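Chains as they are written, first to last, in our numbering: chain P, 17 to 126; chain R, 194 to 569.
It is possible that part of the hints are untrue.
Unchecked claim - The calculated BS3-like cross-link candidates involving lysine-lysine, where the alpha carbons are at most 27 Å apart (straight line), are:
no., chain 1, residue 1, chain 2, residue 2
1, R, 403, R, 450
2, R, 403, R, 475
3, P, 38, P, 24
4, R, 316, R, 353
5, R, 299, R, 499
6, P, 38, R, 195
7, P, 38, R, 316
8, R, 218, R, 403
9, P, 28, R, 450
10, R, 218, P, 38
11, R, 218, P, 28
12, P, 46, P, 24
13, R, 316, R, 451
14, R, 299, R, 218
15, R, 451, P, 46
16, R, 195, P, 46
17, R, 451, P, 28
18, R, 316, R, 299
19, P, 24, R, 195
20, P, 24, R, 316
21, P, 28, P, 46
22, R, 195, P, 28
23, R, 195, R, 451
24, R, 450, P, 24
25, R, 195, R, 450
26, R, 316, P, 46
27, R, 451, P, 24
28, R, 292, P, 38
29, P, 38, R, 348
30, R, 504, R, 475
31, R, 348, P, 28
32, R, 348, R, 405
33, R, 450, P, 46
Hint data in this document are derived by calculation from the structure and do not stem from the laboratory.
A quick note: this is a predicted structure, and the numbers were derived from the prediction, not measured.
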Amino acid sequence: MCLSIPGKLIEKSEADGILLGKVQFGGIVKGVCMDLLPEANVGEYVLVHVGYAITQIDAAEARQNYEYMEMAGMLEGELAGFPDDARPTKIDAEKIPHSGEAMPRDGESS
Amino acid sequence: MKYLDEYRDERLFRTQLARLQQIAKHPWVLMEVCGGQTHTLVRYGIDELLPAGMEMVHGPGCPVCVTPVEIIDKAIALAERPETILVSYGDMMRVPGSKTDLLHVKALGGDVRMVYSPMDSIKIARENPTREVVFFGVGFETTAPANAMVAWQAKRLGLKNLSLLSSHVLVPPAVEMLLSSPSNRVQGLIAPGHVCAIMGTSEYEYLVNKYKVPIVIGGFEPVDLMEAIVMLAAQLEEGRAELENQYSRSVREDGNKKAQELIAEVFEVCDRKWRGLGEAPKSGMRLSEAYREFDAEIRFNLTDIKVDEPKECISALILQGLAKPKQCSAFGTRCTPESPLGAPMVSNEGACAAYYLYRRHSGEADEEAVSSGGGA
């Protein structure tokens, strides 16, 4: 139920006293309500839940966290001699959705 | 970055898993609270990749699953009235009430409409001024502001034919109920990232301090969850109990103030019955005094409907992390997504449906069967 999808805010408008926006999710653009997040700017990424933008995605924080994870992995791999036997056996590339693939839970309300 | 593909990256996932295997030395029992997180864990088989002895138990964070049968029956009673249009999320359509579900009512001619957003109910109410439109909204704190917006807009626009049947629940009281239970096994928690995106982090700080249990606010993609598990394992191995935020790209300490203000205006905290778990004090929300005129239960005089829950379903044990779906004697046979006995088999985020969908019903009876007799 709490599924929220990240997308790029590409347009803002107002109609009938309601703040609206257009958000691009991959190749799809959907109309959303921006009333809960009026401070979001066009060009920023937002999380959308049941048609409402609920929070901005902090690009700097995301990049820092991502780089930290990559670095931690590299460091530990070097220190421990990155173990082949530590590799998972049950996850495989096919299970990981590829870039551009339709979001697996898209369309559910949850 | 697109903030989605990066967190489904197999290589990054593997480096996190390797870290976990180096860090975790003990058989820790962790719980992911949110049903969306359960879905990802089971879909990608993450819970089966953990070091020997470590276990993920699945929490009560699926709002569809914990919505009491009597609320479903009230929605069904409304949908059967000829003057009513019942509007709700797709997830609610097949949740079994005591006798039927909304999809069957629709098949028999009831005007039941599935929508993606609560906003759609405002449009439907304006287009049908002679009909009563009821939005049936359930959810945790993530969904509460969007549902609150229905009543707020109805009041602002003077829509007299729109009302709200709501069953809102709150995460922290449910977590507290679990942690304070004598049968609690959970040693570390992944808190629900999107709930915290709305409410902020302070309620979880309180739980960490009171119960000395590490909590990591986690995201929903495979890399997010593996990183959250690594962070919990590190805390547990080092003897720490702190609140940490893995999902910092989306969760700020203060949450979304505007959403919190809307919730505070439209709703008030109340005691709430949870399907499978029973009534918990101050664990839900109802429309506040100023918005009571939009409460469908009052408008249509539904407050007297009381229903007992079906006996065979062991959802109470599953929602507390005390049993796994495969331990239910009805799992995959008398209870399937096509013909569910209980709500965890209905919603995609219910643990039973996730186990069923991702091939964990194939057979081997490796866990002792559990009956509903023990209850919560």
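Query raised in the report: Among the hints numbered above, which are violated by the structure, and what are their numbers in rising order?
Result: 10, 11, 14, 28 and 32
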